[in-house]
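*Asks:* Produce the complete structure using the sequences and hints provided.
Protein chains: 2
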Amino acid sequence: MKFEFETIGVIHSPFKEKFGIPRQPGLVSQVQATLELVPPFNRPKAVSGLEGYSHIWIQFVFHQNINRDWQPTVRPPRLGGNKRVGVFASRSPFRPNPIGLSVVALDDIRCDSGKVELLISGVDLMEGTPVLDIKPYIPYVESLPEARSGFAPSAPAPKLVVHLTPPAEKQLESMLDPSKLRKLIEAVLETDPRPAYVGASRPDKVYGIRLYDWDVRWRVRDLTAEVLELVEAQLKPGKP
Amino acid sequence: MKFEFETIGVIHSPFKEKFGIPRQPGLVSQVQATLELVPPFNRPKAVSGLEGYSHIWIQFVFHQNINRDWQPTVRPPRLGGNKRVGVFASRSPFRPNPIGLSVVALDDIRCDSGKVELLISGVDLMEGTPVLDIKPYIPYVESLPEARSGFAPSAPAPKLVVHLTPPAEKQLESMLDPSKLRKLIEAVLETDPRPAYVGASRPDKVYGIRLYDWDVRWRVRDLTAEVLELVEAQLKPGKP
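Residue numbers (this note's numbering), protein chains in the order written: chain V, 192 to 431; chain F, 192 to 431.
Some hints here could point you the wrong way.
Same chains, same names: a pair is fine if it fits in one copy or spans any two.
As the list claims (entries may be wrong) - Capping the alpha-carbon separation at 30 angstroms, the derived lysine-lysine pairs in DSSO-like fashion look like this:
no., residue 1, residue 2
1, K361, K207
2, K193, K209
3, K236, K209
4, K306, K274
5, K274, K236
6, K361, K350
7, K236, K361
8, K361, K396
9, K236, K396
Quick caveat, the hints were computed from the structure, so don't treat them as lab data.
*Replies:* What follows is the structure in structure tokens.
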């Protein structure tokens, strides 16, 4: 049986591309984003009462993974990228139905001149992610601290120290509000977002991760993520 | 934007109709059910590794509520059925996209002669519910005991004492395994599943709730749910 669903909202996030996005929500609590309801769902009434909740569920579409063939097994990054587990035993975006599920903190609700926006944080969501549903998080039902968890029983420890080279430091300090981008760079790079299969084989490779409107260029040396420079990704006014 | 998704599994549950289904998962932990993967998703590999998790998320379709118009507000039963809140601040099945989300206990996985079945408990799911996705529950991300919860901060207290009349008691005791049905009857009726708007206005009304293959007939008197009789709902062999 097939079912058709409609986008009710869209995510605006500092993550402009897949690379570097935290692998679970909450891991990078610094990451703030916006969920904007789209017409005809942009009704302030539809979110009335949601302000009583500190956290919400977002059910969304991994929109870059639609129309892909599904595979019964996947290689989770937490297992080093070379051990396979069943797709339903993983949170991989490559699923038979590419529906994602994230719990995020609800910081504020803004209803202004036809716009209805939820300000959220701790997101692992990419810019432009289509949202299918929003639900309140109900701790007495959904908080199960004693639940047994397979291959990822606890949050991953930071893997890298993050260091900005003098040129990158200078660029950052010339911004109006450097602290937001600094925190995000540190939080994202300390998790070592390099693909698991690269590892030590290409020690000098320079990576670029787009955060807000900046292309952050970095490489790894001696367990340190070295930020080389920040390149303006677009001709739009720099953010943050 | 619209997206189409396919059924990957189907629920087999003692709840054969909507009336009487617990309003959240986990409220009636006695309720056991089965999630059966449907072709081409019935591959044992697709659930390999899931046995390491005690709980799973089920994303499913409220299939009796598709093609309904959505309303920006709903009346949650927990507020007595007369106060309205935004549909996205509720877990109501009447949503713009009728996608449900339940955490359930995973008791066992059975892969046998082409069938792949997950044995689950604590369900609030009706017989025949189409499943869109299964994901492991990850406590270090999803267990948030300190989360603030709006109008339903804790589990509802039992509202009714459950009493079986002598004829109902006799019928129950004549069954092969009466304890499963007895526990389910008690767990379901003590929550007072009557619609909130009925209340005291029709004190003598007799209700029927279908559990397994039995139509359980009951009424409420003096805060007691009085079970009058058990009627075999079908000519199939009686269960449990």
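*Asks:* If a hint holds in the structure, say so; if it doesn't, say that too.
*Replies:* Hints, verified against the model:
1. K361 - K207: within (24 angstroms within a copy, 66 angstroms between copies)
2. K193 - K209: Both ways: K193 and K209 sit 28 angstroms apart in one copy and 22 angstroms across, limit 30 angstroms.
3. K236 - K209: between (33 angstroms within a copy, 27 angstroms between copies)
4. K306 - K274: between (45 angstroms within a copy, 25 angstroms between copies)
5. K274 - K236: between (47 angstroms within a copy, 13 angstroms between copies)
6. K361 - K350: So K361 and K350 pass the 30 angstroms test inside one copy only (25 angstroms; across, 65 angstroms).
7. K236 - K361: neither (46 angstroms within a copy, 52 angstroms between copies)
8. K361 - K396: within (23 angstroms within a copy, 77 angstroms between copies)
9. K236 - K396: neither (50 angstroms within a copy, 36 angstroms between copies)
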